[in-house]
Amino acid sequence: MPAAVIVFPGSNCDRDVAVALEAATGRPPAMVWHQESSLPQCDLIVVPGGFSYGDYLRSGAMAAHSPILRTVIDRAHAGTPVLGICNGFQILAEARLLPGVLMRNASLKFVCRDVDLRVERTDTIFTSGYATGQVLRVPIAHHDGNYFTDAETLQRLEDGGQIAFRYCDSDGNVTADANPNGSIANIAGILNAQGNVLGMMPHPERLAEALLGGTDGAAMFGALAEAIAA
Amino acid sequence: MKARIHITLKSGVLDPQGKAIQQALTGLGFDAVEDVRQGKYIEVELSESDAEAARTKVSDMCEKLLANTVIENYDIEIVD
Numbered sequence: 001m002p003a004a005v006i007v008f009p010g011s012n013c014d015r016d017v018a019v020a021l022e023a024a025t026g027r028p029p030a031m032v033w034h035q036e037s038s039l040p041q042c043d044l045i046v047v048p049g050g051f052s053y054g055d056y057l058r059s060g061a062m063a064a065h066s067p068i069l070r071t072v073i074d075r076a077h078a079g080t081p082v083l084g085i086c087n088g089f090q091i092l093a094e095a096r097l098l099p100g101v102l103m104r105n106a107s108l109k110f111v112c113r114d115v116d117l118r119v120e121r122t123d124t125i126f127t128s129g130y131a132t133g134q135v136l137r138v139p140i141a142h143h144d145g146n147y148f149t150d151a152e153t154l155q156r157l158e159d160g161g162q163i164a165f166r167y168c169d170s171d172g173n174v175t176a177d178a179n180p181n182g183s184i185a186n187i188a189g190i191l192n193a194q195g196n197v198l199g200m201m202p203h204p205e206r207l208a209e210a211l212l213g214g215t216d217g218a219a220m221f222g223a224l225a226e227a228i229a230a
Numbered sequence: 001m002k003a004r005i006h007i008t009l010k011s012g013v014l015d016p017q018g019k020a021i022q023q024a025l026t027g028l029g030f031d032a033v034e035d036v037r038q039g040k041y042i043e044v045e046l047s048e049s050d051a052e053a054a055r056t057k058v059s060d061m062c063e064k065l066l067a068n069t070v071i072e073n074y075d076i077e078i079v080d
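Protein chains in written order, with the numbering used here: chain A, 1 to 230; chain B, 1 to 80.
Keep in mind that the hints were calculated from the coordinates and are not lab data.
These figures come from a predicted structure and were not determined experimentally.
Beta carbons are placed, not taken as given, at the ideal position from N, Cα and C, and that holds for glycine.
No false leads were slipped in.
To give a feel for the contact side, a few chain B residues facing chain A, derived at Cβ under 8 Å:
| # | residue |
| --- | --- |
| 1 | V13 |
| 2 | P16 |
| 3 | Q17 |
| 4 | A20 |
| 5 | L65 |
| 6 | V70 |
If you want the ones that stay clear, here's a sample from chain B, every Cβ over 10 Å from chain A, calculated:
| # | residue |
| --- | --- |
| 7 | L25 |
| 8 | V33 |
| 9 | S47 |
| 10 | S49 |
| 11 | E52 |
Construct the entire structure; sequences and hints are all you get.
Written out as structure tokens, the structure is:
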């Protein structure tokens, strides 16, 4: 079954992720406008990056209450895999599908560059194509990527193995210097407790084929294609 | 009636924008500035004549959309 990509006014990575999904699955994903209230038959939902609703009020706040999100939330609760990238992560957090919030970067600057990520979990449908501790090089491009949650929730994330990726140096060391935005515990991506929803600030779709300068992102789409074909 | 809503960061949540404003104020010579916290102010006009009913509705608005209660508090003032 194909994937579905949700498109909001202000999404700007929807077509990039569609290309990566088509390359991995052999089929173009369904592109679903935010005002729709139903989704086509699909086994994977992607909430792409961008600046939905111009980041009004808070990044992702408006999109989290758009008609399609009610359906996305229902499908996520029913177990359909949901991947939120960058603004997609912000939207999933605002929709409370993932805990915590993405605040303004600690530097107050928009950060747009490649970063190193350490893979913390490989037993998920999103990351089964990677090795534990593997260091990926993936771009980030955001102003509000400073992940924050209270101490209790952070402990729950750590204990439950819900942290999928952390910012690290090129040797895989999780250091303050390698943290591009001030995220607590260098968190770059988290899973929900059930493991079917992943939110991440870095953009795997932007380095998913050699022509783009790297292929570290491709294995995520490959793993997802395999998972939904099974 | 009208609701005046102040949305502020919870204590303990870092506010880098407030810090930047504080530094700018200090740079301008305002030596007495000890701390700055930045928030939002929102006005909502309501077709509602009962103040308590208005407060209940605006509180619901804050919980659902206007504030992110993971990091923010809100304070509602109802005025005629």
